[in-house]
Amino acid sequence: MTHPAVTPQLLAAVSEIVRDVAHREIMPRFGALAEGDVSEKGPGDLVTIADQAAEAALTERLTDLLPGSVVVGEEAVAGDASLLDALAGDDPVWIVDPIDGTHNFVHGSPNFGVLVALARGGELLASCTYLPALEQWATAAQGAGAYVDGRRVHVPPAPADLRAIEVVTSQKRWWEDEWRGGHDALLAHGVAVDYMKAAGLEYVELTTGQRGALVGVWDSPWDHAAGLLLYAEAGGVTVTADGSAFRLAGGNALPFVCAPDRATALAVSEIIAAARD
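Numbering that gives the first Met the number 0 puts the first residue of the sequence shown at 0, with every later residue one more than the last.
I should point out that these hints are in silico values taken from the structure, not numbers from a laboratory.
Even glycine gets a Cβ: it sits at the ideal position worked out from N, Cα and C.
Any given hint might turn out to be false.
What the hints assert, rightly or not - Derived DEER-like restraints, expressed as beta-carbon distance ranges:
| no. | residue 1 | residue 2 | range |
| --- | --- | --- | --- |
| 1 | Ala159 | Ala33 | 38 to 44 Å |
| 2 | Leu133 | Pro7 | 21 to 27 Å |
| 3 | Gly78 | Asp241 | 15 to 21 Å |
| 4 | Gly35 | Ala11 | 22 to 28 Å |
| 5 | Gly35 | Leu265 | 45 to 51 Å |
| 6 | Ala80 | Gln170 | 41 to 47 Å |
| 7 | Ala80 | Arg150 | 34 to 40 Å |
| 8 | Ser219 | Pro7 | 26 to 32 Å |
| 9 | Ser219 | Gly30 | 23 to 29 Å |
Said to hold, decoys possible - List time: in silico DMTMM-like cross-link candidates among lysine to aspartate or glutamate, alpha-carbon distance up to 25 Å:
| no. | residue 1 | residue 2 |
| --- | --- | --- |
| 10 | Lys196 | Glu59 |
| 11 | Lys171 | Asp241 |
| 12 | Lys196 | Asp84 |
| 13 | Lys40 | Glu134 |
| 14 | Lys196 | Glu175 |
| 15 | Lys171 | Glu269 |
| 16 | Lys40 | Asp89 |
| 17 | Lys171 | Asp19 |
| 18 | Lys196 | Asp44 |
| 19 | Lys196 | Glu134 |
| 20 | Lys171 | Asp79 |
| 21 | Lys40 | Glu59 |
| 22 | Lys196 | Asp218 |
| 23 | Lys40 | Asp260 |
| 24 | Lys40 | Asp63 |
| 25 | Lys171 | Glu39 |
| 26 | Lys196 | Glu39 |
| 27 | Lys171 | Asp193 |
| 28 | Lys40 | Asp241 |
| 29 | Lys40 | Glu15 |
| 30 | Lys196 | Asp148 |
| 31 | Lys171 | Glu204 |
| 32 | Lys171 | Asp183 |
| 33 | Lys171 | Glu134 |
| 34 | Lys171 | Asp160 |
| 35 | Lys196 | Asp19 |
| 36 | Lys171 | Asp148 |
| 37 | Lys196 | Asp183 |
Given these sequences and hints, build the entire structure.
In structure tokens, the structure reads:
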């Protein structure tokens, strides 16, 4: 399969689109949402007019940038789950989370971002992560490395002792009953556990070594695609609970683990697996 060429010019154009949309549609509404500007897609799952406006703008501009491409956006999928089928198709796909961390955005926390990844046939080709309130930026392209705030970055080596690693994950209540015991098993093994602020931010911190490993308990592509490519291009490794690679189209064996090397990822995964009900 021939992939679209991810040139520096294309990545720069994507970055400019993401930045412009964030400053037109998202930041003017940060801290200025009216009561009617926020609704629920499901219990506790918030969406705002900023999410919707940003996704619409990104959809139009990204498909104009790359003719023949399609968009799988979080808000559009909420209304039509069949859009996910594009992830397994032959067309280039933009995977978009217009506001990653909507709950934070609504409540005035700066820990939110815009996530965009380009994929084809399930293979990640490029990504942009923009954290506008934190003024932080990360990009990656397949085979071309990972960059944070314009600097090329590499994942630091894992410590020899797992007790020296900090794992970031979702709060225990979000873990499935079947493997919730793995949360406490990590603590029992002396592994430090902290909790996610927003997926995009955590992948940036993971890539720059501020986090040692990540345990993901859900696999929505818009939350993970951009960060997974960023981390991989910086030298990191991701494995699912059955040891296989992460699949954008879903159906992953969860939880999945991101770590500086495969041995560390498998060691964390094995602790969780041993505690399964």
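Here is how each hint holds up against the structure:
Distance hint for Ala159 and Ala33: a CB-CB separation of about 53 Å, inconsistent with the stated range 38 to 44 Å. A hinted range of 21 to 27 Å holds for the C-beta pair Leu133 and Pro7, which are about 24 Å apart. Between Gly78 and Asp241 the CB atoms are about 32 Å apart, so this pair departs from the stated range of 15 to 21 Å. Checked against the hint of 22 to 28 Å, the pair Gly35 and Ala11 fails, with Cβ atoms roughly 37 Å apart.
Range check, Gly35 to Leu265: about 49 Å between beta-carbon atoms, so the 45 to 51 Å window is met. As the Cβ distance of Ala80 to Gln170 is approximately 26 Å, the hint placing it in 41 to 47 Å is violated. Checked against the given bound of 34 to 40 Å, the beta carbons of Ala80 and Arg150, roughly 38 Å apart, stay inside it. Roughly 29 Å separates the CB atoms of Ser219 and Pro7, a value that falls within the hinted 26 to 32 Å.
Taken as a hint, the range 23 to 29 Å holds for the pair Ser219 and Gly30, whose Cβ atoms sit roughly 26 Å apart. For the given pair, Lys196 sits about 29 Å from Glu59 by alpha-carbon distance, which is inconsistent with the 25 Å threshold. Pair hint Lys171 plus Asp241 holds up; C-alpha atoms about 21 Å apart against a cutoff of 25 Å. About 29 Å separates the Cα atoms of Lys196 and Asp84, which puts this hinted pair outside 25 Å; it is violated.
Among the hinted pairs, Lys40 with Glu134 is inconsistent with the structure: their alpha-carbon atoms are about 28 Å apart, more than 25 Å. Restraint check for Lys196 and Glu175: satisfied, since their Cα atoms lie roughly 19 Å apart, inside the 25 Å limit. Between the alpha carbons of Lys171 and Glu269 the distance comes to roughly 18 Å, so the proposed pair stays at or under 25 Å and holds. Simply put, Lys40 and Asp89 have alpha-carbon atoms about 30 Å apart, too far for the 25 Å limit, and the pair is violated.
At roughly 36 Å between alpha-carbon atoms, Lys171 and Asp19 are farther apart than 25 Å, so this suggested pair is violated. For the proposed pair Lys196 and Asp44, the alpha carbon gap of about 15 Å is at most 25 Å, so the pair holds. Between Lys196 and Glu134 the alpha-carbon distance is near 16 Å, which keeps this suggested pair within the 25 Å criterion. Straight-line distance between C-alpha atoms of Lys171 and Asp79 comes to about 30 Å, which puts the hinted pair past the 25 Å bound.
Among the hinted pairs, Lys40 with Glu59 is consistent with the structure: their alpha-carbon atoms are about 23 Å apart, no more than 25 Å. Between Lys196 and Asp218 the alpha-carbon distance is near 16 Å, which keeps this suggested pair within the 25 Å criterion. In summary, the hint linking Lys40 to Asp260 is not supported, as the alpha carbons are separated by about 37 Å, beyond the 25 Å threshold. Taking the CA atoms of Lys40 and Asp63, the gap is near 28 Å; set against the 25 Å cutoff, the hint is violated.
At roughly 23 Å between alpha-carbon atoms, Lys171 and Glu39 fall within 25 Å of each other, so this suggested pair holds. Only pairs whose Cα atoms come within 25 Å are accepted, and Lys196 paired with Glu39 is accepted, the gap being roughly 20 Å. Of the supplied pair hints, the one linking Lys171 and Asp193 holds, its CA atoms being roughly 11 Å apart against a limit of 25 Å. Distance hint between Lys40 and Asp241 is unfulfilled; the C-alpha atoms sit about 31 Å from each other, more than 25 Å.
Between Lys40 and Glu15, the direct Cα distance comes to roughly 29 Å. Violation of the 25 Å bound is thereby established for this hinted pair. The straight-line distance between the Cα atoms of Lys196 and Asp148 is roughly 20 Å, inside the 25 Å bound, and the hint therefore holds. Under the criterion of a C-alpha separation no larger than 25 Å, the hint pairing Lys171 with Glu204 is consistent with the structure, at around 21 Å. Straight-line distance between C-alpha atoms of Lys171 and Asp183 comes to about 9 Å, which keeps the hinted pair within the 25 Å bound.
Pair hint Lys171 plus Glu134 does not hold up; C-alpha atoms about 30 Å apart against a cutoff of 25 Å. For the given pair, Lys171 sits about 24 Å from Asp160 by alpha-carbon distance, which is consistent with the 25 Å threshold. Only pairs whose Cα atoms come within 25 Å are accepted, and Lys196 paired with Asp19 is accepted, the gap being roughly 24 Å. A hinted pair counts as satisfied when its Cα atoms are at most 25 Å apart, and Lys171 with Asp148 does not qualify at roughly 32 Å.
Simply put, Lys196 and Asp183 have alpha-carbon atoms about 20 Å apart, close enough for the 25 Å limit, and the pair holds.
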